[in-house]
Amino acid sequence: MNRRRFIKTSALASSYLLLPEFLKPLEKLNLSDTGEKNLVIVQLSGGNDWLNTIVPFNNDVYFQKRSKLALRNDKIITLNNELALNSGLSALKEFYDDGNLCIVNNVGYPNPDRSHFRSMDIWQSASSSIEYWNTGWIGRYLDSNCQNAYQAIEVDSALSLALKGERLKGIAVKDVKKLFDQTKLPYFKDIVDIEKKETLNEDNQGYLYKTLIETYSSAGYIYETTKTTTNDFEYPNTNFAKQLKNVATFIESGLNTRVYYVSLTGFDTHVAQLNQHEKLLQTYAEGISAFIKNLRSKNKWDNTLLFTFSEFGRRVEENASAGTDHGTAGNVLLFGGNLKKKGIVNDGPDLKYLDDGDLKFKVDFRSIYSNILSNWLNTDAAKILKSNIVPFELI
Amino acid sequence: MVTPLEHIFHLYNRAGFGISYKEAKSLSNKSIKEIVDGLFNNIADGNYLRVIGKEDITKPKEMLQSGMSKKEIRQLIIDKGIDLNLKWVEQLLNTTNVLIEKQTLFWHNHFACRVQNPYLIQELNNIHRKFAFSSFRTLLVEVSKSPAMLEFLNNQQNRKEHPNENFARELMELFTLGRGNYTENDIKQSARAFTGWSFSRNSYEFEFREKQHDYDEKEFLNRKGNFGGEDIINIILDDKQTALFLCKKIYKYYVNEIIDETRVKALAEYYYLNQYNTESLLKKIFLSDWFYNDINMGCNIKSPIEYVIGLSRQFKIKYANEKVLLGFQRQLGQVLFFPPNVAGWPGGKNWIDSSTLMLRMRLPSLILNNGDIENDGRIDDPDDMMGISAEQINKKLNTSVNWAEILNTHEGLTLENLSKILLAKQPNSKVINVISTNAANDLKEQIVKLISLPEYNLC
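Protein chains in written order, with the numbering used here: chain A, 868 to 1262; chain B, -14 to 444.
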């Protein structure tokens, strides 16, 4: 243990003595255990136009179907002789070059649903399109592998389905200090101190108190663990970058959290898409770039895997308002220092053989989850996905 | 004949949105039969929602031709959707006809539906109201023929040459039989029977398109015939499994999230024999002794709507800015007319996570007491909830409450009695001790503290 780490853990240890009863279960934590892997999930909400993100710039059909929206040479950064990045993503080119980015094409699922809500549910719960599940894939990971809510954190004010398990739900935190302050209200503190997790009933009353105790213990733990970490690394001035900076700070502080969840919204580009979309991608890329560099500077990048998805791609053909409508398959991006597959891992989109104007999926997103669950989170993917899905090997 | 107060509280928690102490007392000299009958008195009124006219939202093409931009059209749709939502909320807050709202909420969740045009959604809701208590068969046929459901479940695309199975699948899985009681072939065959079920984009009326209908023989649930859509519905309702599936859901909603198999079976038998008459089923439930058993009291978790509407009605909260009520729905995870998917809101424990529980526990003090949960100045940092100070909260929420009346009604009650009036499930006695130590002589603080407890989320 290095000196800095020692000071930090001992400062932490001493502050634990001051903590009230409800934080006691945390004492079982192994504080030196910082070698664990992190998964950071970035959700692009609204349905990203992947065709203008990872651009098939050598494909005639692309230009035929998108007379207004097709990106010309000055708006792309070529990756190979087939695909290019939208110039909004220029900050990501270096990660492609140094093997820290992998791009999966044609990711989707059978019988795709074009409703934002439904398709987002499908991605978050990992159900098929004819099933309705009330738990998320990360939530079920919490159920099977974790003891505490804070082991999956969403940097937001509301918790997504993805992080909801049957037994355990992740925690949504936008501002740690604020959440912690809420838990300091003396009246609630008095009440939390009365009930013990172990003696509560299995009924709904018990469940409410369990959730309350869990919230207190998580808020206290996250606050106490992270408050000594200051993060001076410079990030772009966007909300998205701020969320990622929070995540980087959490990771650096040694928080015993396995999964972080962040989202960027605004991708539902039905009208006048070009500039708007490029800007969104720039926000995304510059945030991600700062995040990766930040973690590299703290030697935490090798333990981190960053996964990006959107609920669907958009239709191949542009609409009459210089925008695009809801489509089906798209890309998944994976960033990491230890990728097994690097760069572009499969063929680009086939624009000739469409399904009613939409791309046909080739890779089921659940096969990527399967790979992440078993090879990164070291858990039983079949149990969490409720079926044996052959992993699409990326890490 | 006297009815115990706790029975009245329980009945109104389930058949309505709670009841104030004052109103409960005024009912207590009636028999339970009289009180239950009272709940059903005006159910035929329907409390219909009529905020959006058919002509308000026309075909996109027509709106564009009339000079509206796409952006304006989108905004119009959003605005009308908000009007509709707030109209329902207003009705929930003020109606005396609570049972119709409660049962409409049940069907709203059972026949969960989301389409763009809020007029269609409004009309679907009015179908739920009109047939809320009649035969489930009538309700099901009307829902199946509603433009909202036909559009949502893609039956517009269900044609003889290319059957679309979406409606047929949900009809059996979510509306009637439940999973495991039909085969994939039953779905295929019944989808054929619903081919041609469509609606007119001009009149928003149901249309049967003969040319798109498949008149050939189908084999469905072991029967053979040239079935049409209503035949399929009849066959499904002939199966007792449908009564059982529905009674399970109704039991969970009105009685207990944990099912008592024997009772539900008996209810299903009754529902089936009464041709799926929902009114008599509900009466039977509310008049059963077991409905008032301890085990069925305070056992369920209030939905966000039950929570917010209950709190507001109980304390007669006035909202100067009604959009606050939209904010609550969003933050607590249940926006009316926006179910997450066709399966509806999963409910129960799913309502509760760290964020929603903290908000539920903070709302009573935010709404009723300017953000203060206690009057003794023990607050470490008033700048807590939602990142705004208590003053701002009050300004933003813009609510008003007549505390003088509330205090007057609850005057002289012991803390234990107060707790029994306000909470459906009693907290640990140590919790009561905490309140009595810190707020011994402050009735207002006692009330705020009690309804800030986790137990206030149970009904």
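Rather than coming from a laboratory, the hints here were simulated on the basis of the structure.
A few of these clues could be false.
Label pairs and their calculated CB-CB ranges [claimed, not checked]: (1) A/N1104 x B/G397: 24 to 34 Å; (2) B/F193 x A/N1245: 54 to 64 Å; (3) B/E19 x A/S996: 43 to 53 Å; (4) A/K1253 x B/Y200: 34 to 44 Å; (5) A/A1139 x B/E47: 18 to 28 Å; (6) B/E390 x A/T1066: 46 to 56 Å; (7) B/D201 x A/S996: 35 to 45 Å; (8) A/S996 x B/Y200: 22 to 32 Å; (9) B/D201 x A/E1069: 51 to 61 Å; (10) B/G397 x A/I997: 26 to 36 Å; (11) A/A1139 x B/K46: 30 to 40 Å; (12) A/S1254 x B/L392: 50 to 60 Å.
For the chain B half of the interface with chain A, some residues (derived, Cβ under 7 Å), not all of them [what the hints assert, rightly or not]: (13) K55; (14) K234; (15) K303; (16) I337; (17) D338; (18) L408; (19) N413; (20) V419.
We put the beta carbon where it would ideally sit given N, CA and C, even for glycine.
### Task
Verify the interface restraint on B/K234: the C-beta must sit less than 7 Å from at least one C-beta of chain A.
Since chain A brings no Cβ nearer than about 14 Å to B/K234, farther than 7 Å, the hint is violated.
#### Entry: Outcome of range test on Cβ distance (A/N1104, B/G397; 24 to 34 Å)
Violated: the Cβ-Cβ distance is about 59 Å, outside 24 to 34 Å.
### Satisfaction of the hinted span 30 to 40 Å by the C-beta atoms belonging to A/A1139 and B/K46
violated (20 Å)
### Message
Against the range 35 to 45 Å, how does the distance between the Cβ atoms of B/D201 and A/S996 compare: consistent or not?
### Response
violated (28 Å)
### Message
A range of 34 to 44 Å was offered for this pair. Does it hold for the Cβ distance of A/K1253 and B/Y200?
### Response
Check passed, 40 Å falls within 34 to 44 Å.
### Query
Is it true that A/S996 and B/Y200 lie within 22 to 32 Å of each other by Cβ?
Holds, since A/S996 and B/Y200 (Cβ atoms, about 30 Å apart) stay within the stated range.
### Task
Classify the hint on B/K303 as holds or violated, based on whether any CB of chain A lies nearer than 7 Å to its CB.
violated (26 Å)
### Query
Taking 43 to 53 Å as the hint, is the beta-carbon distance of B/E19 and A/S996 inside that range?
Given a distance of about 50 Å, which is inside 43 to 53 Å, the answer is holds.
#### Entry: Satisfaction of the hinted span 26 to 36 Å by the C-beta atoms belonging to B/G397 and A/I997
Given range 26 to 36 Å: violated, Cβ gap about 59 Å.
### Message
Hint validation: B/L408 versus chain A, beta carbon distance must be below 7 Å. Holds or violated?
### Response
violated (10 Å)
### Query
Honestly, do A/A1139 and B/E47 meet the 18 to 28 Å range at C-beta?
Holds, at about 23 Å.
### Message
Assuming the hint says 50 to 60 Å, is it satisfied by the Cβ distance from A/S1254 to B/L392 or not?
### Response
With a Cβ separation near 59 Å, A/S1254 and B/L392 satisfy 50 to 60 Å, so the hint holds.
Checked against the numbered hints given earlier, this structure breaks hints 1, 6, 7, 10, 11, 14, 15, 18; the rest are met.
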